[in-house]
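A.B. asks: Add chain A to chain R, keeping to what the hints say.
Sequences listed follow chains R and A, in order.
For the first sequence, the numbering used here gives the first residue as 1, with consecutive numbering after it.
For the second sequence, the numbering used here gives the first residue as 113, with consecutive numbering after it.
In short, the hints are calculated from the structure, not lab data.
Even for Gly, the Cβ is constructed at its ideal location relative to N, Cα and C.
Some hints could be false.
Said to hold, decoys possible - DEER-style ranges, computed between Cβ atoms: (1) E62/R x E304/A: 38 to 46 Å; (2) K37/R x G292/A: 55 to 63 Å; (3) R21/R x L189/A: 15 to 23 Å; (4) L155/A x G68/R: 44 to 52 Å.
Here is how the chains run, residue by residue.
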Amino acid sequence: MNITVIGDNETVTGFRLAGIRSAYSVKTQTIKEVLGKVLSDGKTEIIVITENFANFLREDIEKIKERGRPIIVEVPDKNGPQGYAQKSIQEIIKRAVGIEIGGPKENKGGIK
Amino acid sequence: MVKILSVNPTRMELIKLKKKIKLTTKGHRLLKEKLDALVIKFLDLIKKEEKARGELEDFFSMAFKSLIRAQAISGALGVTSASLAVRELEDVEVSTKNIMGVKIPQLNFPEESRNITNRGYGPIQSSIAINEATRDFEKALKYSIEMAELENSIQLIGMEVEKTKRRVNALEYIMIPRLGATAKFIEMRLDEMEREDLFRLKKIKAKISKKVGEKRK
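Just chain R, same shape as in the assembly (with noise of 0.2 Å):
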């Protein structure tokens, strides 16, 4: 149980599907409580997150990053990628080199 998928309703049944068991549905009023308590628990070692709701709570998620642990991981949910996730790494890029590397990648677009 060190993979917890947080996402909304889709993404926890397709993660379900491939065998995760401590999968979150959330909305965005609950989310920030949900985040507090797989971080508390304690056993979580991989978060896998959906863009949106990531993006939703941006500093704390960049905290936890720049923590190391638990790692975090932002996955694209049923509406496409958004480009948040790539965003959060360029932003490292820019800090550490000084310079953009790869420009930012048009929306692909998902399913409607």
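C.D. replies: What follows is chain A alone, placed relative to chain R:
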């Protein structure tokens, strides 16, 4: 004007300083080499990440398509009930790898190909669409874990690059010039003292020879 350290202008301090300069220069060179190595690794990881992110995004939209197809065929409830019956996955093994003093995670995904018989949901209540969605999401999970490893490594190495760069710059632009200026200051001060001594001796000699000359008269 470079700030000078507050030291006594003695020969002993000068020797100490010169030793310190040697050490600092060596440390600076080493750190710079470390920085270069880290940046190379960093750029390598960025390239990999960009590619992996593209693949992950493409794959996810496909996985969602098959999930929605499954929901259309078996009903959202059917898919959910199947998803609750799935056997839990084994834990991902987390080990660490050391790159230039940065501990980056290595995630070992338990590689096991599941099929309809050992996924946990009954093959009769479920449909082939559910099975396909499951297969796709298993792969999506694998992509996500690879992504997690890459992104975390980039984060950690990026922070280390930042830290090392700051150190290299501090040595190059503050420490080494400051030590050099102090050493120069001491050298000049010692030279000045030597000249003063010489002058004093000459003055005394002149006085003495004057006295001796007067006595002889």
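A.B. asks: Against the structure shown, which of the earlier numbered hints fail to hold, in ascending order?
C.D. replies: 1, 4
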